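Model the placement of chain P on the given structure of chain W, informed by the hints.
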Amino acid sequence: MNKENIIKLVILLSFLVLFLQGSRFRSEGKKVACSEGKCDKPHDHGQLNYHERFKVTPADNIGVATLKGFENFWEANATGMTFALIIGGAALSLMLSWKKFEQVLAFKGIKGAALGSIFGMPLNMCANCSAVTSLTLTSRSGSSESTLGIILGGALLNIIGIVTMFGLFSPAVVVSRLVFSAIMILVIVPWVSKMVLKNEIPPLQSQVFDKISCYFPEKSFVQTIIKSFEDWLLAVGNMAYKLIPLMIIGTLVIAIFRAFFPNELLHQITSYNPYVIIIIVSFFGTLLSVPVLFEILLGTILYQLGFSTGAIAAVVFTVPSFGLFTLVLTREKLGGLKVPVILTAITFILGIGAGILAEILTKFI
Amino acid sequence: MKKTIIGIILFLLQISLAIYFNKSIDLTVVISIAVITFCLVIYNLSNNKYSAPGT
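Residue numbers (this note's numbering), protein chains in the order written: chain W, 317 to 681; chain P, 1001 to 1055.
Pulled out of the complex, with its shape left as it was, chain W reads as follows (with noise of 0.2 angstroms):
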């Protein structure tokens, strides 16, 4: 391992313990304290994050409640999804210049998805941003075990999430979501996987990425630190340009399913059979993206409306999973919409086993 490449992994690990110290665990501590209902303002949370600026109400029309909603998503998710760049683009940079690493990620089958998932775990982001992170490590090479393998570790392995809800919820619907998640890193993103050799695309190809993986043995300490920011940067760039339209188009598309599919659609359900609940539960959660823990707020909504423990279980495993934004952001790496599409049906469909497990577990413990 060359100083470049050490100084790579400084700056790397620098931007995570910055964004986690900085704002992620302050957040993630507000969020806690809402879910345990020790907020200021309880009466405020909103659609899609837990205070919002603007409030969507009944009266607004289809297109007044898109805006809204847009706006307050993306405010939600603007520092996971600008830290997602940043750390993105600096694991990029130092993949580059680092074979080994660029190795370890091309790793396929049970192996790639499993080491994705423990790259995506420190990360504390939801599936949102942690593709936007995922994407950018993988543009230039990768399997797309270890693209969805840190989508999924960092949204569904939040160990802070999952501490939160052992307190929140019976143990049946934290053992059920740990399962599920399991089951969907370690056969489902594998067997998936296979499906985008025969498609996949050639990976990205650019001028400017030639220019950050040279090597110059005779620049001093100082030089190499500036070089390396000037890849980062350049690495950043490169990504922002591909993905940020398509995070405009994937908060569009959750807006617009939002303003259709509001929270208060639950509230009608109350008095259906627990099993069609769990169904409907399902496709609603499959279909929502929110920022990081904010399915812990809708399990505890569902808990106050006296829903069952399975369609608890259902919410907190399909909301954080892969859903509408990701299926947006991963269709050119996963070789077209075929395999999104398979993998958004097989969240669903997991969604209900999950909530099935957690109502037969809740007999048991």
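The hints are simulated quantities; they were obtained by calculation from the structure and are not laboratory data. Heads up, some of the hints might be wrong.
What the hints assert, rightly or not - Here are the simulated lysine-lysine pairs, BS3-like style, with alpha carbons at most 27 angstroms apart:
id: 1; chain 1: P; residue 1: K1003; chain 2: W; residue 2: K558
id: 2; chain 1: W; residue 1: K346; chain 2: W; residue 2: K371
id: 3; chain 1: P; residue 1: K1049; chain 2: W; residue 2: K558
id: 4; chain 1: P; residue 1: K1023; chain 2: W; residue 2: K371
id: 5; chain 1: W; residue 1: K357; chain 2: P; residue 2: K1023
id: 6; chain 1: W; residue 1: K357; chain 2: W; residue 2: K371
id: 7; chain 1: W; residue 1: K654; chain 2: W; residue 2: K558
id: 8; chain 1: P; residue 1: K1023; chain 2: W; residue 2: K535
id: 9; chain 1: W; residue 1: K415; chain 2: P; residue 2: K1023
id: 10; chain 1: P; residue 1: K1003; chain 2: W; residue 2: K346
id: 11; chain 1: W; residue 1: K427; chain 2: W; residue 2: K510
id: 12; chain 1: P; residue 1: K1003; chain 2: W; residue 2: K415
id: 13; chain 1: W; residue 1: K354; chain 2: P; residue 2: K1023
id: 14; chain 1: P; residue 1: K1049; chain 2: W; residue 2: K319
id: 15; chain 1: P; residue 1: K1049; chain 2: P; residue 2: K1002
id: 16; chain 1: W; residue 1: K510; chain 2: W; residue 2: K357
To be verified - Facing chain W, from chain P, some residues (calculated, C-beta under 8 angstroms):
id: 17; residue: I1005
id: 18; residue: I1025
id: 19; residue: V1041
None of the values given here were measured: they were computed from a predicted structure. Cβ coordinates follow ideal geometry from the N, Cα and C atoms, glycine included.
Leaving out everything else, chain P in the frame of chain W:
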């Protein structure tokens, strides 16, 4: 390179928006580094440092 420069400008706009929304110190640190580095990139670009060999 043109697309990368547009991408960097988009990124700087995004980071500015995030700072406006959340007023976070961490992003202020990153934008300071990014702006200084962007000036360096523009300087190198004006000196044809990013031109392909032979052009």
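These are the hints, each one checked on the structure:
Between K1003 of chain P and K558 of chain W the CA atoms are separated by roughly 9 angstroms; this keeps the pair inside 27 angstroms, and the hint holds. With a C-alpha separation of about 20 angstroms, the suggested pairing of K346 of chain W with K371 of chain W holds against the 27 angstroms cut-off. Between the alpha carbons of K1049 of chain P and K558 of chain W the distance comes to roughly 23 angstroms, so the proposed pair stays at or under 27 angstroms and holds. The hinted pair formed by K1023 of chain P and K371 of chain W meets the criterion: a straight-line CA distance of about 21 angstroms does not exceed 27 angstroms.
A hinted pair counts as satisfied when its Cα atoms are at most 27 angstroms apart, and K357 of chain W with K1023 of chain P qualifies at roughly 20 angstroms. With a CA separation close to 13 angstroms, the supplied pair K357 of chain W and K371 of chain W stays within the 27 angstroms bound. Of the supplied pair hints, the one linking K654 of chain W and K558 of chain W holds, its CA atoms being roughly 21 angstroms apart against a limit of 27 angstroms. About 37 angstroms separates the Cα atoms of K1023 of chain P and K535 of chain W, which puts this hinted pair outside 27 angstroms; it is violated.
Restraint check for K415 of chain W and K1023 of chain P: not satisfied, since their Cα atoms lie roughly 38 angstroms apart, outside the 27 angstroms limit. Restraint check for K1003 of chain P and K346 of chain W: not satisfied, since their Cα atoms lie roughly 38 angstroms apart, outside the 27 angstroms limit. Annotation: proposed proximity of K427 of chain W to K510 of chain W holds, straight-line Cα distance about 14 angstroms (limit 27 angstroms). In summary, the hint linking K1003 of chain P to K415 of chain W is supported, as the alpha carbons are separated by about 26 angstroms, within the 27 angstroms threshold.
Distance restraint check for K354 of chain W and K1023 of chain P: the Cα-Cα separation of roughly 24 angstroms lies within the 27 angstroms cut-off, and the hinted pair is therefore satisfied. At most 27 angstroms may separate the alpha-carbon atoms for a hinted pair to count; K1049 of chain P and K319 of chain W meet this at roughly 23 angstroms. At most 27 angstroms may separate the alpha-carbon atoms for a hinted pair to count; K1049 of chain P and K1002 of chain P meet this at roughly 14 angstroms. Distance hint between K510 of chain W and K357 of chain W is unfulfilled; the C-alpha atoms sit about 47 angstroms from each other, more than 27 angstroms.
For the restraint placing I1005 of chain P at the interface with chain W, the shortest Cβ-Cβ distance is roughly 7 angstroms, inside the 8 angstroms limit, so the hint holds. The interface hint given for I1025 of chain P holds, since its Cβ lies 6 angstroms from the closest Cβ of chain W, which is under the 8 angstroms cut-off. Nearest Cβ of chain W to the Cβ of V1041 of chain P: about 6 angstroms, under the 8 angstroms cut. The hint holds.
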